[in-house]
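Undergrad: The primary structure of each chain is shown beneath.
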Amino acid sequence: EPEVTQTPSHQVTQMGQEVILRCVPISNHLYFYWYRQILGQKVEFLVSFYNNEISEKSEIFDDQFSVERPDGSNFTLKIRSTKLEDSAMYFCASSEGQGTGHEQYFGPGTRLTVT
Amino acid sequence: LAKTTQPISMDSYEGQEVNITCSHNNIATNDYITWYQQFPSQGPRFIIQGYKTKVTNEVASLFIPADRKSSTLSLPRVSLSDTAVYYCLLNQAGTALIFGKGTTLSVSS
Chain A
70 EPEVTQTPSH QVTQMGQEVI LRCVPISNHL YFYWYRQILG QKVEFLVSFY
120 NNEISEKSEI FDDQFSVERP DGSNFTLKIR STKLEDSAMY FCASSEGQGT
170 GHEQYFGPGT RLTVT
Chain B
17 LAKTTQPISM DSYEGQEVNI TCSHNNIATN DYITWYQQFP SQGPRFIIQG
67 YKTKVTNEVA SLFIPADRKS STLSLPRVSL SDTAVYYCLL NQAGTALIFG
117 KGTTLSVSS
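Chains as they are written, first to last, in this note's numbering: chain A, 70 to 184; chain B, 17 to 125.
Simulated from the structure, these hints should not be mistaken for laboratory data. You may find that some hints are simply not true.
[To be verified] Here are the computed lysine to aspartate or glutamate pairs in the DMTMM-like style, where the Cα-Cα straight-line distance is at most 20 Å:
#: 1; chain 1: B; residue 1: 19; chain 2: A; residue 2: 125
#: 2; chain 1: B; residue 1: 68; chain 2: B; residue 2: 47
#: 3; chain 1: A; residue 1: 147; chain 2: A; residue 2: 132
#: 4; chain 1: B; residue 1: 117; chain 2: A; residue 2: 137
#: 5; chain 1: A; residue 1: 111; chain 2: A; residue 2: 128
#: 6; chain 1: B; residue 1: 19; chain 2: A; residue 2: 154
#: 7; chain 1: B; residue 1: 70; chain 2: A; residue 2: 172
#: 8; chain 1: A; residue 1: 111; chain 2: A; residue 2: 155
#: 9; chain 1: B; residue 1: 19; chain 2: A; residue 2: 132
#: 10; chain 1: B; residue 1: 19; chain 2: A; residue 2: 128
#: 11; chain 1: A; residue 1: 126; chain 2: A; residue 2: 72
#: 12; chain 1: A; residue 1: 152; chain 2: A; residue 2: 128
#: 13; chain 1: B; residue 1: 19; chain 2: B; residue 2: 30
#: 14; chain 1: B; residue 1: 117; chain 2: B; residue 2: 30
#: 15; chain 1: A; residue 1: 147; chain 2: A; residue 2: 165
#: 16; chain 1: A; residue 1: 111; chain 2: A; residue 2: 140
#: 17; chain 1: A; residue 1: 126; chain 2: A; residue 2: 172
#: 18; chain 1: A; residue 1: 147; chain 2: A; residue 2: 172
#: 19; chain 1: B; residue 1: 68; chain 2: A; residue 2: 172
#: 20; chain 1: A; residue 1: 126; chain 2: A; residue 2: 137
#: 21; chain 1: B; residue 1: 70; chain 2: B; residue 2: 47
Using the sequences and the hints given, assemble the complete structure.
TA: So, in structure tokens, the structure goes:
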């Protein structure tokens, strides 16, 4: 069964450093998303991406964040200068986006720890 | 702001059927009702999705009345491994999922 994959599974970085989180969505999916979940809190939407551009973003997704689809398979989230409060699980998701099959499938997540 | 309301927690025993009801009074015409399951430190896992009436798959059933203002996720004969958080969400193609706190289901032996 196709699945979303994410790397790395755990990333530790120092405050102020740049990090890039990587995702490989399901191959025939057209919509891509990033969510995050701070420990003990709700899953929060960050950004959605369709047709090589951001289609929707939340207030969390400020200028420190960017997304890119550098090739036909990867989808990345970059945090330019990490803060302590960026520590969270980051989940990538993808969906077909057409007809009734537009449920979003989530990856296993990257645990980001900012020290 | 979450558009759905569901119980914060439920308790059950192994082998019982569990029904989790979700209310979504302001559901839009284009909204699909989708349920996810999440275990600690894992990504939400898609369980089932429906638009109206009843949907069944190998894991669960989803009951949606004609007015679509509520839905019920039914898990037949739960086991200890079904202990998780269950989220009821409304979504349309390509739009953000707005997660609430979900329902924490605890299954005991």
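Undergrad: Each hint should be assessed against the structure and marked as holding or not.
TA: For each hint, the structure was consulted:
Between residue 19 of chain B and residue 125 of chain A the CA atoms are separated by roughly 18 Å; this keeps the pair inside 20 Å, and the hint holds. Of the supplied pair hints, the one linking residue 68 of chain B and residue 47 of chain B holds, its CA atoms being roughly 10 Å apart against a limit of 20 Å. Between residue 147 of chain A and residue 132 of chain A the alpha-carbon distance is near 10 Å, which keeps this suggested pair within the 20 Å criterion. The hinted pair formed by residue 117 of chain B and residue 137 of chain A fails the criterion: a straight-line CA distance of about 30 Å is larger than 20 Å.
For the proposed pair residue 111 of chain A and residue 128 of chain A, the alpha carbon gap of about 15 Å is at most 20 Å, so the pair holds. For the suggested pair residue 19 of chain B and residue 154 of chain A, the alpha carbons sit about 26 Å apart, so the restraint of at most 20 Å is broken. Our distance criterion of 20 Å between C-alpha atoms is met by residue 70 of chain B and residue 172 of chain A, whose separation comes to about 17 Å. Between the alpha carbons of residue 111 of chain A and residue 155 of chain A the distance comes to roughly 14 Å, so the proposed pair stays at or under 20 Å and holds.
Proximity of residue 19 of chain B to residue 132 of chain A is assessed by CA-CA distance (about 28 Å); at most 20 Å being required, the pair is judged violated. Between residue 19 of chain B and residue 128 of chain A, the direct Cα distance comes to roughly 18 Å. Compliance with the 20 Å bound is thereby established for this hinted pair. Note on residue 126 of chain A and residue 72 of chain A: the hinted pairing is violated, with a Cα-Cα distance of about 24 Å set against a maximum of 20 Å. Proximity of residue 152 of chain A to residue 128 of chain A is assessed by CA-CA distance (about 16 Å); at most 20 Å being required, the pair is judged to hold.
Between the alpha carbons of residue 19 of chain B and residue 30 of chain B the distance comes to roughly 31 Å, so the proposed pair goes past 20 Å and is violated. At roughly 24 Å between alpha-carbon atoms, residue 117 of chain B and residue 30 of chain B are farther apart than 20 Å, so this suggested pair is violated. In summary, the hint linking residue 147 of chain A to residue 165 of chain A is not supported, as the alpha carbons are separated by about 24 Å, beyond the 20 Å threshold. For a cut-off of 20 Å, the pair hint linking residue 111 of chain A to residue 140 of chain A is broken: about 31 Å separates their Cα positions.
A threshold of 20 Å between alpha carbons decides the hint, and for residue 126 of chain A with residue 172 of chain A the separation of about 18 Å falls inside it, so the pair holds. Straight-line distance between C-alpha atoms of residue 147 of chain A and residue 172 of chain A comes to about 25 Å, which puts the hinted pair past the 20 Å bound. Proximity of residue 68 of chain B to residue 172 of chain A is assessed by CA-CA distance (about 16 Å); at most 20 Å being required, the pair is judged to hold. With a C-alpha separation of about 14 Å, the suggested pairing of residue 126 of chain A with residue 137 of chain A holds against the 20 Å cut-off.
Annotation: proposed proximity of residue 70 of chain B to residue 47 of chain B holds, straight-line Cα distance about 16 Å (limit 20 Å).
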